[in-house]
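Asker: If you want the building blocks of each chain, they are given just below.
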Amino acid sequence: MWSWVGHRITGVVIFVFLLVHVLDTSLVRVSPEAYTAVIGAYKNPIMGLGEAALVAAIVFHAFNGLRIIAIDFWKKGPKYQRQMLWTVLIAWVVVMVPFLIRHLTIVFSNFFGGH
Amino acid sequence: MSSKVIDAPRSNSAETPKYKRNKSSHSSFEMVAWLFMRVSGVVLVVLIFGHLFVNLMLGDGIHAIDFGFVAGKWSSPFWQIWDLAMLWLAMLHGTNGVRTIINDYAERNGTRMTLKTVLYIASAVIIVLGTLVIFTFDPCPAGAVIDLPSFCPVP
Numbered sequence: 321m322w323s324w325v326g327h328r329i330t331g332v333v334i335f336v337f338l339l340v341h342v343l344d345t346s347l348v349r350v351s352p353e354a355y356t357a358v359i360g361a362y363k364n365p366i367m368g369l370g371e372a373a374l375v376a377a378i379v380f381h382a383f384n385g386l387r388i389i390a391i392d393f394w395k396k397g398p399k400y401q402r403q404m405l406w407t408v409l410i411a412w413v414v415v416m417v418p419f420l421i422r423h424l425t426i427v428f429s430n431f432f433g434g435h
Numbered sequence: 305m306s307s308k309v310i311d312a313p314r315s316n317s318a319e320t321p322k323y324k325r326n327k328s329s330h331s332s333f334e335m336v337a338w339l340f341m342r343v344s345g346v347v348l349v350v351l352i353f354g355h356l357f358v359n360l361m362l363g364d365g366i367h368a369i370d371f372g373f374v375a376g377k378w379s380s381p382f383w384q385i386w387d388l389a390m391l392w393l394a395m396l397h398g399t400n401g402v403r404t405i406i407n408d409y410a411e412r413n414g415t416r417m418t419l420k421t422v423l424y425i426a427s428a429v430i431i432v433l434g435t436l437v438i439f440t441f442d443p444c445p446a447g448a449v450i451d452l453p454s455f456c457p458v459p
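Chains A and B are the protein sequences, given in the same order.
Mapped onto my numbering, the consecutive letters of the first sequence carry residue numbers 321 to 435.
Mapped onto my numbering, the consecutive letters of the second sequence carry residue numbers 305 to 459.
Derived by calculation from the structure, the hints in this document are not laboratory data.
Any given hint could be a false lead.
Heads up, simulated DSS-like pairs for lysine-lysine below, C-alpha to C-alpha not over 30 Å straight-line [as the list claims (entries may be wrong)]: (1) B:Lys377 x A:Lys363; (2) B:Lys308 x A:Lys399; (3) A:Lys396 x B:Lys420.
Residues from chain B that face chain A, not an exhaustive set, calculated with beta carbons under 8 Å [said to hold, decoys possible]: (4) Val346; (5) Ile352; (6) Leu360; (7) Ile366; (8) Phe371; (9) Leu391; (10) Met395; (11) Gly401; (12) Val402; (13) Ile425; (14) Ala426; (15) Ile430; (16) Leu433; (17) Thr440; (18) Leu452.
Some, not all, of what chain A presents toward chain B, calculated at C-beta under 7 Å [stated by the list, open to error]: (19) Gly331; (20) Tyr400; (21) Arg422.
Predicted model only: the values in this text are computed from it and were never measured.
Think of the CB as a built atom: it goes at the ideal place given N, C-alpha and C, for glycine as much as any other residue.
With the sequences and hints as input, model every part of the structure.
Answerer: As structure tokens, this is what we get:
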């Protein structure tokens, strides 16, 4: 049940981000200055943490989505749904740890280390 | 484990004590939509994980993203098609997901219709805008001076 709630919440969060993401990327059609200015405004630790949270939501939604597909289409899926939820959570940690190390290093070293 | 249970949508409210919306026609739309969520979901896992890996993990990661970075990618049809597929599949997947949530929680017919109308207009605008941007994009716009990709002619 909580995986279902989590799937809905992360889904809505990702969708709202996607609308904004297409809009900001569309600024490349306005001018290089406009795009680089807006992207530059994202390059701070607060947004960096937001990006980390967004990727965390995407990775959970992706892995839990694959679990839903397995439950729906694999004969033994419903029987192993709880084990597959643990697999989702472990896979989420396995992906997120290296991602967070790499991403937060980039975000914080560039912000505090200057350009 | 926790004993707190969240009621299934449309199952327990004063306004809809029982599920009693009009039965729709014998359309297979809902089945097609259900299948689309699973098929597009698998494809999106590949497209979005690839997108995140290339843009956030390789090179200087997110710090390297500027106009020149986008221009460099979209000078290749490979990334144009990749991003186009990602745009359409993600928008349709997300729109159908939010449509389901609206159907579950907006109980009044008028509210449901209004929210879905707003959703469909917003989605259509974003899909059309994103598609136009990918295909009408000029990596070396006249008059631009900063952050151009290296292959642009020097002015």
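Asker: Hint by hint, note whether the structure agrees.
Answerer: Hint check:
| no. | hint | in the structure |
| --- | --- | --- |
| 1 | B:Lys377 x A:Lys363 | holds (20 Å) |
| 2 | B:Lys308 x A:Lys399 | holds (22 Å) |
| 3 | A:Lys396 x B:Lys420 | violated (36 Å) |
| 4 | Val346 | holds (7 Å) |
| 5 | Ile352 | holds (6 Å) |
| 6 | Leu360 | holds (6 Å) |
| 7 | Ile366 | holds (6 Å) |
| 8 | Phe371 | holds (4 Å) |
| 9 | Leu391 | holds (7 Å) |
| 10 | Met395 | holds (7 Å) |
| 11 | Gly401 | holds (5 Å) |
| 12 | Val402 | holds (6 Å) |
| 13 | Ile425 | violated (12 Å) |
| 14 | Ala426 | holds (7 Å) |
| 15 | Ile430 | holds (5 Å) |
| 16 | Leu433 | holds (6 Å) |
| 17 | Thr440 | holds (7 Å) |
| 18 | Leu452 | holds (6 Å) |
| 19 | Gly331 | holds (5 Å) |
| 20 | Tyr400 | violated (17 Å) |
| 21 | Arg422 | holds (6 Å) |
Hint compliance for this structure: hints 3, 13 and 20 are broken, all remaining hints hold.
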